[in-house]
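Mind docking chain U on chain D? Use the hints.
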Amino acid sequence: MRVALYVTCLVDGLAPAVGKATVRLLRRLGCRVEVPAGQTCCGQLHINTGYPAAALPLIRNQVAAFVGYDAVVLPSGSCAGSVRHQHAALADRAGDAELAAAARELAGRTYELSEFLVDVLGRVDVGAYYPHRVTYHPTCHSLRLLEVGDRPLRLLRAVAGLELLELPAAETCCGFGGTFAVKNAAVSTAMLADKMRAVQQTGAEVCTAGDASCLLHLGGGLARLRAGVRTVHLAEILASTA
Amino acid sequence: MTFLGMPTGSGNLSGDRPFPELAEAALADSQLRGNLARATGTIRARRAGVVAELPDWARLRTAGAAIKDDVLANLDRYLVQLEERVTAAGGTVHWAPDAAAANEIVLGLVRQAGADEVVKVKSMATQEIGLNEALAAAGIAAWETDLAELIVQLAEDRPSHILVPAIHRNRAEIGELFRRTIAGPDLTDEPAALAEAARRHLRERFLASRVAVSGANFAVAETGTLAVVESEGNGRMCLTLPRTLITVLGIEKVLPTWRDLEVFLQLLPRSSTGERMNPYTSMWTGATEGQDFHLVLLDNGRTATLADPAGRSALRCIRCSACLNACPVYERTGGHAYGSVYPGPIGAVLSPQLTGLGADPRNASLPYASSLCGACLQVCPVAIDIPSMLVHLRERSVAAVPHRAERAGLAALAWTMAEPRRWRRVLRLARFGRLLRRLPVLPPPLSAWAASRDLPEPPAETFRDWWDREGSAG
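First to last, the sequence lines map onto chains D and U. Going by numbering that gives the first Met the number 0, the first residue of the first sequence is number 0, and it counts up by one from there. Going by numbering that gives the first Met the number 0, the first residue of the second sequence is number 0, and it counts up by one from there.
For reference, chain D alone in the conformation it holds in the complex:
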């Protein structure tokens, strides 16, 4: 299967380890992984901040970059959510029927990592080994836009050596929310404080999630507190072996 990794801006620039782990994991499971050079950004930042017109060239660029791949995999529920739920509608509104059709076609073969592993590859046990106490935060867009359900938890439960600890009030937003984190920094921080308290209550060493963005926010807060809890992307755990 010819798989394109849509690495996302944050992973590319700030968390390359997540991208490397995704490549390692997919190869281990027998995929031929490519990273199309033409990819840039999904444009969600622009759309959700109120400038959807600025995202149109990015969507055009994106549909061209991923032509011909069997599957496009993102280590992000949020960016996958934008590809699947925002792009075609935006192109429709701009009156660009051709772009809308291309965006719909791409959305049909775009997957968030846990969806790809469980639904497309049919794997729950990916042969990982990670001897740590881990708690999982379901990010909002993976949970409510993509409805990934318990796929990430099933993947984590199958990891050898991993002790999975249940996060209290897991489905409450961590407070990241893109530009919300700076436009409403005080509210974002209040939400973060409650999420960090929940993470610390579990006694986990590692808090994981499927989005580098939420983890940047959560990890930044935990580091500031010297909380002794690390944030690690789901891809990095699943890529780890003995």
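The set of hints was computed from the structure by calculation and includes no laboratory data. Hints may contain errors.
Label-pair distances were calculated between CB atoms; the ranges are [unchecked claim]:
| no. | chain 1 | residue 1 | chain 2 | residue 2 | range |
| --- | --- | --- | --- | --- | --- |
| 1 | D | GLU146 | U | GLU405 | 53 to 59 Å |
| 2 | U | GLY432 | D | ARG27 | 29 to 35 Å |
| 3 | U | GLU221 | D | ASP124 | 55 to 61 Å |
| 4 | D | HIS84 | U | GLY432 | 28 to 34 Å |
If you want the ones that stay clear, here's a sample from chain U, every Cβ over 12 Å from chain D, calculated [unchecked claim]:
| no. | residue |
| --- | --- |
| 5 | LEU26 |
| 6 | TRP56 |
| 7 | ALA100 |
| 8 | ASP156 |
| 9 | PRO184 |
| 10 | GLU221 |
| 11 | ASP291 |
| 12 | ALA358 |
| 13 | ALA363 |
| 14 | ARG393 |
| 15 | ARG406 |
| 16 | ARG430 |
| 17 | ARG437 |
Predicted model, so just to flag it, every value in this text is computed and none were measured. From the three backbone atoms N, C-alpha and C, an ideal C-beta is built for every residue, glycine too.
Using the frame of chain D, we list chain U on its own:
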């Protein structure tokens, strides 16, 4: 996008400062945060329990949304039908384009009845138009008879929740308030004692007042029937005892047929109070014998809201407040931070549409008062896609109130991203992020980030530089 010629809404629909500033003040109140977390947590759990009981909840929700969409598409017809039926049943119908007109109509009717006080049934529409303030200015006392509204009124406070206006108060605070205003120093903080004090205070008002003012949850066009759904019985006292009854109704509250109530009388209590059925449902058609009945149909920005195809479904709202209870932002800031009488997620999409973003720029910050987590859509009984609507209203917000630096910054970013090689060169600059750590003060928006969160450790190279160097070789 502006809709010329449409009257926009006025009244208590915007705050004096933008949301982030009001929210910051609210967050500093730890008592408030404790009260809210307890109260919303309790109602959330109760709602989840009674919603899970119904095997056809998803279909009820679809039906509710479809009925409301039909109403919105044929509002002109249903409203005229409602007017005909109410008039035929002995009531009088008045049309109010905005808050000032509605207040003027009610004031005229109260004066006509020769009254200097009115009793009120809890009503969002009259809170929206600021009726109590308008009546007070004319020397007429308006007595709120819903317990929570009474608490808010006695404290000279503002409601902070659609269903539970005093959700920001706990019973110790209420006991203190009652001892100061309507009861003696011996009153305890026991719920039964507090309710009894309110009951004694209100009973006199019910018996003395000649005029009652209410809102209504539903109005049936087919029959001309109005419906009020409540828990305390104060509503029924107001609707039946006074000689004159005035009902102020937002025009979107109309339902086509009597049978449609079946859907909404299931959706509303389960979503709202988390009950299978509310204790009191009062319905009346026109003027009851010996009573003078007036219906004031309120637009106040609703027609303008209807004109926006991507925003109009906010008018499906049945004011259940499930989205407030589910919202992690509301839970931490409370209702006052939203400025408007409509707080929470629904307020963030409804208030700016009612006032118009251009006509009242004070509401331009409301569409951003959300992390877009989607919890509101999940619980909405009429499936209003609030997250998508917030995103749409952000576009209208920056069009109405331009944010030049942000627009320029994001345009430059989009220009960079539109060309892959250009964007790769820019991403490489991330590794210089470590230099930022040496700065004593960070520039915005990094300063807002770093106030509570460490900046990430910048990597030595981007993912794609690694890929080109060795990754692709696998």
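Outcome of the hint check:
Checked against the hint of 53 to 59 Å, the C-beta distance between GLU146/D and GLU405/U comes to roughly 32 Å, which is inconsistent with it. For GLY432/U and ARG27/D, the Cβ-Cβ distance of about 31 Å falls inside the hinted range of 29 to 35 Å, so the restraint holds. GLU221/U and ASP124/D have their C-beta atoms about 60 Å apart, which keeps the hinted 55 to 61 Å range intact. The given range of 28 to 34 Å is respected by HIS84/D and GLY432/U, whose C-beta atoms sit roughly 31 Å from each other.
Against chain D, the non-interface label of LEU26/U is violated: not every CB pair exceeds 12 Å, the least being about 5 Å. In this structure TRP56/U is separated from chain D by more than 12 Å, as the shortest Cβ-Cβ distance comes to about 17 Å. Every beta carbon of chain D lies more than 12 Å from that of ALA100/U, the smallest distance being close to 33 Å; the non-interface claim holds. Residue placement check: ASP156/U keeps its beta carbon more than 12 Å from all beta carbons of chain D (closest about 22 Å).
The non-interface label for PRO184/U is consistent with chain D: the shortest C-beta to C-beta separation is roughly 37 Å, beyond 12 Å. For GLU221/U, the shortest C-beta to C-beta distance to chain D comes to about 36 Å, beyond the 12 Å cut-off, and the non-interface label holds. A cut-off of 12 Å between C-beta atoms confirms that ASP291/U is not in contact with chain D; the least separation is 48 Å. The non-interface label for ALA358/U is consistent with chain D: the shortest C-beta to C-beta separation is roughly 18 Å, beyond 12 Å.
In this structure ALA363/U is not separated from chain D by more than 12 Å, as the shortest Cβ-Cβ distance comes to only about 10 Å. With a minimum CB-CB distance of about 3 Å to chain D, ARG393/U fails to clear the 12 Å threshold, and the non-interface call is violated. Residue-level check failed: ARG406/U sits 7 Å from the nearest beta carbon of chain D, not beyond 12 Å. Once the 12 Å rule is applied to beta carbons, ARG430/U is inconsistent with being away from chain D; the minimum gap is 9 Å.
With 12 Å as the threshold on Cβ separation, the claim that ARG437/U sits away from chain D holds: the shortest Cβ distance comes to roughly 17 Å.
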